[in-house]
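**Q** As a plain string of letters, each chain reads:
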Amino acid sequence: MRKVYEYPRSRAAFERACKVIPSGIYGHQGPAEGCYVPIEAFPLYSSKAQGSYLWDLDGNRFIDYMAAYGPNVLGYNDPDVDEAAARQRAISDCTTLPNPVMIDFADLLVETVNCADWAFFAKNGNDVTTGAVMTARAYTHRKKIVFFKGYYHGVSPWTQKIDYAGVLEEDVQNNLYVTWNDFDELSEVFEQNKGEIAAVIAQPYMHGNFADNELPAKGFWKKVRKLCDDTGTVLIIDDVRAGFRLDIAGSDHYFGFKADLICFCKALANGYNVSALCGREFLKIAVSSLSFTGSYWMSAVPFAAGIACIQKMKRLNCPQLLIDQGTKLKNGLVTTALKYGYDLHVSGVPSLFYLRIADDPTLMLHQEWIAECVKRGVFFTNHHNHFINASLTDADIQETLEIADEAFAVVKDRHS
Amino acid sequence: MDEKTLAYINLFAVLGSLTRLCELDGDCKKMIEGKNISIGIAVKDGPEGTIWFHDDRCDLIPGVGKCDIKLPFGSCKKFNGLIDGTVTPIPSKGFTKIGFLLNQFTKLTDKLTAYLRPAEGALDDPEFFTISTTIMFHLILDAVAQIGNVDKVGKASASYIVDGDVRLAIDGGPEGHLHAHGHALTAVHTPCEHPTSYMVFSTMKDARDLFDGKINGVAAVGTGQVRVGGMISMVDNVNRILDRVSMYLA
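If you read the protein sequences in the order shown, they are chains A and B. Be aware that the first sequence starts at 619, since it is given in the numbering used here, and climbs by one per residue. Be aware that the second sequence starts at 106, since it is given in the numbering used here, and climbs by one per residue.
Don't take every hint at face value.
Said to hold, decoys possible - Straight line, CA to CA, 30 angstroms or less: simulated BS3-like cross-link-like pairs of lysine-lysine: (1) Lys767/A x Lys257/B; (2) Lys637/A x Lys310/B; (3) Lys260/B x Lys761/A; (4) Lys182/B x Lys779/A.
Unchecked claim - Partial list, computed: chain A residues near chain B (C-beta under 8 angstroms): (5) Asp781; (6) Ala783; (7) Leu786.
No wet-lab data here; the hints were simulated from the structure. Predicted, not measured: the structure shown is a model, and the values here were computed from it. Just so it is clear, CB atoms sit at the ideal spot from N, CA and C, and this is done for glycine as well.
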């Protein structure tokens, strides 16, 4: 039996944080949005990270399958990326005039990403999804945007819902919502809003929370592409989450179609803060017309890191490597679950796998199992898809399966 | 703020709290001993319900078909005026029983107000605190259901709630649940045997602080003052409705 982790230092740090930071840790890395059930099972702060591992303040080591919610694609502290960043830092970073490394990065993206004729840089995924929607509106002179229910495109008011705190009805009044994979419903919405739809924005497949992730139905994307072409609507792919974990040329390429605009962030620079909006030639003038910038958007260090990251991902054939490792893990977890009579569903592309024990639709059983895994050193979440990184070894997968086995045994014993 | 939603809250959550008041407060229980009388409230383009005092208890039942005293209101706004004390009701039925309305009923609603809007220092009395917080808990449960069913933004939240039961409870205190079916919400004031999700407050004080806006729900999950689990998307959406409760009840 493995040591069961405890987190007194994390708890103490959190109590300190609550005094000076709203809700201690806000957002997706906090205990509420992170769905830490029960709270005692989860560490709250890290002390260091390396490769696939994360250590908390209490010295507990975790095999980290959240990869900082995506950015860690090559492994924490990847030497090639860090070296490129250090070299650039010694030259310049945030300066009055941008460093030409920005052009090198754009060149590389145009060469790498199937639909890219240009690249526009910012910091977070939300910046580039917002830039994409603004570009579509600038180009089409239309207001409405189609979303697929279960979407996540960032945190700006336009990406949120009418009932979210701080969001006005006016912020979302031009949002139209359709069911993922339901082309008939999408066509009907287009018919009802003829000449008013600026863009369809979508993740390459549905990786919503609390539900099995859903790949596109056969022919779905081709039909959506044609509908957009026929109606002069911009097709935006939000590849912030899945980008470079399915296909180095973009997830639209993986699914056999070409987006008009594609948004990248997370895996773009292995944790260095940069995002990119790439697009087709006909939208270059529209994106140029935007008043859209930021203090750190042209910092050079993340560009250098991004170049090194993409070059290394290409050398490693990273998406296939991640899919292969994800498949090994997926098969191992399903087999381990079956040993205890549990039906573990693993959905989505294996490099971005989503887990759910299907025996209990309330997810409580699943939450128990995830908690037992975390307490023994495998950082899974109970609500969100996971992320494979390139430094994950077969030995890590084996250790994960051993911990998963022990966690299943604990849960089984509790309920027998 | 939507007057219609407020009217539903005022009838089914605020006046609905008379049921708990008559259970929990000894003086109020005594006041309705041996009574069998009902007051119907009919709001044009709004809610209808009957507050029925019988068998030493109080129930709120939908509709006004069998009431002894009937209070009609021409609009939701007018009915809401009754609750905030700016409108005096004129019965259309039951003049012979108006004494109950003017005496016991008024005393009951005054007592209810004392529990819902406690005077400074009142909550220092442990018994008062427990009754007040228990009434508040059940009132909020009812208000969430009304907002989820009537308010435009609340309905948007309810539209994301999958079928099932959200257990809401205070450890060692009151308990109830919200039953969701087809995105319609029903407040149920009894424990839930098989919840789909849950939100449990650790102590009466934590619950009270959350109701009074002294602590934040997100922060409380981190500190363990609130426990959530199961289909958490349901809890998320109930929380969004909860945010609107304070707006309506402010």
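**Q** Now, for every hint given, state plainly whether the structure supports it.
**A** Hint check:
1. This hinted pair checks out: Lys767/A and Lys257/B have alpha carbons roughly 19 angstroms apart, not beyond 30 angstroms.
2. Of the supplied pair hints, the one linking Lys637/A and Lys310/B holds, its CA atoms being roughly 19 angstroms apart against a limit of 30 angstroms.
3. About 25 angstroms separates the Cα atoms of Lys260/B and Lys761/A, which keeps this hinted pair within 30 angstroms; it holds.
4. A C-alpha spacing of about 28 angstroms is found between Lys182/B and Lys779/A, which places the hinted pair at or below 30 angstroms, so the restraint holds.
5. The beta carbon of Asp781/A is positioned within 8 angstroms of a beta carbon in chain B (closest approach about 4 angstroms), and the interface hint is therefore held.
6. Interface hint status for Ala783/A: upheld, as the beta-carbon distance to the closest one in chain B is roughly 6 angstroms, under 8 angstroms.
7. A cut of 8 angstroms between beta carbons decides the hint on Leu786/A: the least distance to chain B is about 10 angstroms, and the hint is violated.
Violation of the numbered hints given earlier is confined to hint 7; every other hint is satisfied by the structure.
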